[in-house]
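K.L.:
Below are the chains, spelled out letter by letter.
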Amino acid sequence: MADEEDKSGAGVGKLKGSKQTKRAPRYFDDSSDVTSKDKHENEKPSEGKSEDKKKSGKKRTSAPDGDHADTKRGKESWDSDEEKDPFPGEAPVKEETLARYTRGEGNKVKMRAKTAGPKLERKTMEKKFHLAAKQAARAELLLGEDHGYLEASDDEDTSQLSQTDIADAVDISAAQKHFDLKLDKFGPYRMNYTRNGRFLVIGGRRGHVAALDWMSKKLLCEINVMEGVHDVKWLHVETMFAVAQQRWTYIYDHQGVELHCLKKFNNVLKMEFLPYHFLLATASSTGFLQYLDVSLGKELVAINVKQGCLNVMTQNPQTAVVHLGHANGTVTLWSPNVKEPLAKLLSHVTAVRSIAIDKTGTYMATSGQDRYMKVFDIRAMKPLQVYRMSAGAGQLAFSQTGLVAAALGNVVEVYKDCCSNVAEKPYLTHRLRNNISGLQFCPYEDVLGVGHRDGFTSLLIPGAGEANFDAFENNPYQTKKQRRDYEVKMLLEKIQPEMIGLEPGGVGQVSQLTAQEVEKREQEAVQKKFEPARKKKGRSKSLKTVQRTKGVEEEWRRMKVRQKMREEEEKRKKQQKDQKKKEKWGSALDRFQRKDN
Amino acid sequence: MKIKVLSRNPDDYARETKRDIQRLPRNYDPSLHPFEAAREYTRALNATKLERVFAKPFVGALDGHRDGVNCMAKHPGSLSTLLTGACDGEIKIWNLASRDCRRTIQAHTGFVRGMCVTPDHSNFLSIGDDKTVKMWSLTSPDDGEEEEPVHTILGKNIFTGIDHHWKDPTFATCGQTVDIWDHARAEPLRSFSWGVDSLNCVRFNPIEKHYLASCAADRSIILYDTRGSSPLRKVILNMRSNVIAWNPMEAFVFTVANEDHNLYSFDIRRLTSPFNIHMDHVNAVLDLDYSPTGREFVSGSFDKTIRIFPLDKGRSREVYHTKRMQRVFCIKWSLDNKYILSGSDETNVRIWKAKAAEKIGKLTPREESSQSYNDKLKEKFQHHPQVRRIARHRHVPKEVYHLTRQTRIMKDSKRRKEQNRIRHSKPGSIKKKREREKVVVAEQE
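The listed protein sequences derive, respectively, from chains A and B. Those letters in the first sequence? Residues 0 to 596, by numbering that gives the first Met the number 0. Those letters in the second sequence? Residues 0 to 444, by numbering that gives the first Met the number 0.
Calculated from the structure, these hints are not laboratory results. This one's a predicted model, so the numbers in the text were calculated from it and none came from an experiment. The reader is advised that the hints may include incorrect statements.
[What the hints assert, rightly or not] Below, simulated DSS-like cross-link-like pairs (lysine-lysine); rule was C-alpha separation at most 27 angstroms, straight line: (1) A/Lys549 to A/Lys536; (2) B/Lys233 to B/Lys432; (3) A/Lys184 to A/Lys216; (4) B/Lys377 to A/Lys107; (5) B/Lys17 to A/Lys93; (6) B/Lys354 to B/Lys337; (7) B/Lys379 to A/Lys109; (8) A/Lys176 to B/Lys3; (9) B/Lys413 to A/Lys217; (10) A/Lys381 to A/Lys424; (11) B/Lys375 to A/Lys126; (12) B/Lys413 to B/Lys437; (13) B/Lys432 to A/Lys113; (14) A/Lys127 to A/Lys113; (15) A/Lys113 to B/Lys413.
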């Protein structure tokens, strides 16, 4: 009997113990095997445990059915030990991870609601948004793949590393991604990867066009268009690609069959495909920026940029705004809705040679003939970094993880972390035999595709690709059926071109304008017109009415000018007054100036 | 030097067997999902358009009556049972699931004015123009036997409305007075009158079961407590109310269908003005019924349309009509909140869906999730002009369309006139009255 009591006591005592662990977790001494521990305790109970035993003894007397209660408690203690979670609660989420998933700060505008309902509603909404962000951030735990990397010790320099070194160091399947296509007859080559990174199309200046599944090296088609090729671009799926040829632009399918000849799109030098809008933007040597709606097969708009030959073009993947680089060193931003540039930016004193934008739509890298590479913050339109290069980079490319590749003649230099910080030296370099004519990082792979005069080279750049794809956006392992479904889904969700603008979240945002402001704007938009009243017989002849109208409108115009002049005069006076005040009293910070100066 | 290059094993991303589903790894990083707002907006627009495409509310018609359908009763225990009474005194009991008539009873001479099922589900009561209240068994007689009422009460006057207590074996009728009856007695337990000669509708409150409300021909709404001896309150409106309906979820809320084309929702704690006016009908509203959730109600009107109103909105969310449907005399919202039943002048009983675009039958989990996602999107973008325009668009009959326009013009003109009158009078001499304040003429205790 005593033995039994002892045992039960141990059981209850442990229950107590487990309660204590909630306050201060002890992982190893408590959660070990229960049976072995029980034995151990029977032999040599520790001081703490004996105390527990006393308590349990008290408890036992109060229990109505002694034996039954014992067994029950014993079971409980077993369960509690078994189920004890070494990491109780939800998995913690780091602040910086959470910041990536939050859609801006909460609503801080004070509410003037009469009842508590709307306030409560807003509060619950905010809570829900926060929870959604937190759960999305926590889901990072489930991501299966790790990013590639290159870790050098202090005395090593990653830029000295050759492609063969990298290929030797990695596994066979990865090493196979470094390859060279020797096509020296039809170069130099332009190239493009599909959005899922699975397929590649290359187009040689002298007419050779080939599409291939570059991972399995399976050729989809190979044709010679018997004409100069300026650019190649995949459309929304891997069954169609556009080729900008000497005169017109053509669309071929993946078997090399010509589907369309776009005669309206002539002398095209560069193309960009906006996948969510189904728009093919082309820049031509005649100075026109044209948009083709691929889903309808119609030209959306042709904009005369009035800057001469357009051979530098890229798109902002977050806003679908097209960036063009010009010979006078400016970069202009375009949407198909406005015939004027949305913004202009003087980035170089000489001609712009190349532009690239990162996937978050934050940074824009430009290179000019003045041998500078500059990095801008697009949202603020401000320069962040300026790099002096050995040559003006003819091609620039951003990887998904933010690496920048620059083609300097026949050398590829890859920079890491060069946008917000200053990169002292390249992350990797690679020298080719000939000048580089095409450069793109392969999405979701640590691969940089380089098109040049002797063909195409695929380089391994560790840490360049996004490791974890979202199969609902881009799936490299897509089956044929999935691709078809995806195409239908994409078409259903096609964003109308009117929604392209500098603000990425335009349609989801609330206009902050008051009703009066909106009305005022509308009124300003409508040009006021004078309507002359009918006058007596003989005085309302058409000539007279026209004269009267002109006179009144002229007077209105003068009034407007006078008003503006008056406003400016007032502004000037106010500024003068402020200046005088400042001269008299000085700045508030002057008190900290040195007295001896 | 440590080097790692991305190298995925294709087997990790392919399904194991052909019967398996494809693997779809997710990554919620916002930078991988550009144009979030624009895409959601497009989806919302598509969902709204599809909702209009799939809006096919008419389910079926029950034909068999030889005269206009004048009244209806729901069975509180069986979703598939419906009772209808016609203008020729005929009562039909329908099975809604199979859409056929189970029983036909020639109950009264003249109109059947009202029906109700007893709470024990065994009998139902009917009243008619022949001054009788008849109780009928819900179980049909054996073959060869004639339909006979369980018992009949002969009244002194014509009964115009009947409603049963929600629990006790008592019921109320109205005509010249409101009478409270017991099943076991042939004389009324109690009679209420308040200077009116004709009442047209009486309803028990489903929650506070002792309370009654009735509408009278002198444009008034009267409230009673069956435990007391005299009526409680009387509210006189501008025009006559045809029907009154209690909210099944909020005991203190009721709505009346008025002759002036509107419906008025009242809170019995404050009867000086309705808390909401529901406008959209262009002719007298003849009947209304609440949804079992109490958030919405349906009304049938003399303008040959059925409209569904949210309780907290002034405008209807839905309008149903067909070419052949005439004046809607009676309307009911089924107790599973899914269907609306209407009886009209041209002898047909029609079954409508309460949500026009809803799919009938069980949804698969995928359908369900996509529907809830679409609903959320529609809610999120409901104020965008394109979405709102599509969601609100309804085709209505020509007469209704023109009458709506005419009403609007008349209302605008009235408002203009009032404004002008205020503008050209001594400031403060004319007080501006809100629309809701104009409804109630007097409240009496």
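K.L.:
Which earlier hints can't be squared with this structure?
P.N.:
5, 9, 15
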